[in-house]
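Asker: Keeping their order, the protein sequence lines are chains A and B.
To get our numbering, take the position in the first sequence, counting from 1, and add 22.
To get our numbering, take the position in the second sequence, counting from 1, and add 14.
Please note: incorrect hints may appear among the correct ones.
[To be verified] From chain A, some residues computed to sit far from chain B (all C-beta separations above 10 Å):
1. 31
2. 32
3. 43
4. 50
5. 67
6. 68
7. 76
8. 85
9. 98
10. 102
11. 106
12. 111
13. 115
14. 119
15. 125
16. 136
[Unchecked claim] Heads up, incomplete: computed chain A residues facing chain B, CB under 8 Å, no partners named:
17. 23
18. 25
19. 62
20. 63
21. 69
22. 89
23. 90
24. 91
25. 112
26. 124
FYI, nobody ran anything at the bench for these hints, they're computed from the structure.
Backbone N, C-alpha and C fix where the C-beta goes; we use that ideal spot for every residue, glycine too.
What follows is the residue order along each chain.
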Amino acid sequence: EVQVLESGGGLVQPGNSLKLSCATSGFTFSTAWMYWYRQFPEKRLEWVARIKAKSNNYATDYTESVKGRFTISRDDSKSSIYLQMNNLKEEDTAIYYCASSFAYWGQGTLVTVSS
Amino acid sequence: EIVLTQSPTTMAASPGEKVTLTCLASSSVNYMYWYQQKSSASPKLLIYYTSSLASGVPDRFSGSGSGTSYSLTISSMEAEDAAIYYCLQLTSTPLTFGSGTKLEIK
């Protein structure tokens with residue numbers, strides 16, 4: 023059974039940092055491209071970041087609004103990915119989902135940026 | 015950026031009715047992916063590679079299309095199909111979603 027479990031969300035003040043984690047099992051993690059998506063309070067979905075597999079040199083991509091602030095990383099030995107979020111803004115408030123390509127999504131973790 | 019435009023924004027269908035949802039891309043994409051989201055749950059994959067049915071998804075759901083025009087069809091609406099449906103393109107970054115179609119049961 024495939025499992026995808028996000029953690030690390032919470033309430034943070036603008037300008038502060040937060041690190042999300044995503045632990046997975048049940049599929050071949052080492053060859054999977056992994057993604058972070060987010061869903062805003064009004065239900066709009068947005069892709070945040072992607073990290074490719076070792077065979078693709080762990081290449082990363084980001085949506086424009088988070089470039090320079092967010093960093094995606096992975097640890098193949100732990101079948102996990104991470105999202106380091108710095109200089110958070112109120113508009114980053116959303117549910118953050120971890121996903122393996124298009125198929126397996128987690129249940130999400132809520133990030134609230136507010137003073 | 016490839017913009018995905020979904021239509022209709024909202025619709026209601028009677029049990030047994032055939033439903034077709036549309037997703038138009040501003041540029042050609044290789045494949046389209048469709049997701050169903052109910053209340054506070056995470057999005058659930060329905061269709062991948064435009065027309066392949068995800069595991070466990072009822073066969074009343076089907077997908078079709080090519081280039082810039084794609085559709086998701088429910089052959090016979092059931093009450094449990096009431097949800098928001100999103101399309102997603104993975105062809106080029108930034109990866110983009112449609113704004114969703116809210117489907118209600120009459």
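Asker: Just want to verify: residue 115(A) was marked as not at the interface with chain B; is every Cβ pair farther apart than 10 Å?
Answerer: 16 Å, holds
Asker: Is the interface hint for residue 112(A) satisfied, with its Cβ closer than 8 Å to some Cβ of chain B?
Answerer: 21 Å, violated
Asker: Holds or violated: the hint that residue 62(A) contacts chain B, with Cβ atoms closer than 8 Å.
Answerer: Because about 11 Å separates residue 62(A) from the closest Cβ in chain B, which is outside the 8 Å limit, the hint is violated.
Asker: Is the Cβ of residue 106(A) more than 10 Å away from each Cβ in chain B?
Answerer: Holds: least Cβ distance 20 Å, greater than 10 Å.
Asker: Can we trust that residue 67(A) is non-interface, i.e. its beta-carbon lies farther than 10 Å from all of chain B?
Answerer: Check fails; 4 Å does not lie beyond 10 Å.
Asker: Is residue 102(A) truly not at the interface, in the sense that its beta carbon sits beyond 10 Å from all beta carbons of chain B?
Answerer: Label holds. Min Cβ-Cβ 18 Å, cutoff 10 Å.
Asker: The output says residue 31(A) does not contact chain B. Does that hold with a beta carbon cutoff of 10 Å?
Answerer: 14 Å, holds
Asker: Beyond 10 Å from every Cβ of chain B: is that where the Cβ of residue 50(A) lies?
Answerer: 16 Å, holds
Asker: Just double-check residue 98(A) for me: nearest Cβ-Cβ distance to chain B has to come out over 10 Å.
Answerer: 22 Å, holds
Asker: Using 8 Å as the Cβ threshold, decide whether residue 91(A) counts as touching chain B.
Answerer: For residue 91(A), the interface hint is violated, since the closest Cβ of chain B sits about 15 Å away, which is over 8 Å.
Asker: Against chain B, is residue 23(A) within 8 Å by beta-carbon distance?
Answerer: Not OK, violated: residue 23(A) not within 8 Å of chain B, min 12 Å.
Asker: Against chain B, does residue 68(A) hold up as non-interface, every C-beta pair farther apart than 10 Å?
Answerer: The claim breaks: residue 68(A) does not keep its Cβ more than 10 Å from every Cβ of chain B (closest is about 7 Å).
The structure fails hints 5, 6, 8, 14, 15, 17, 18, 19, 20, 22, 23, 24, 25 (numbered hints given earlier, in ascending order).
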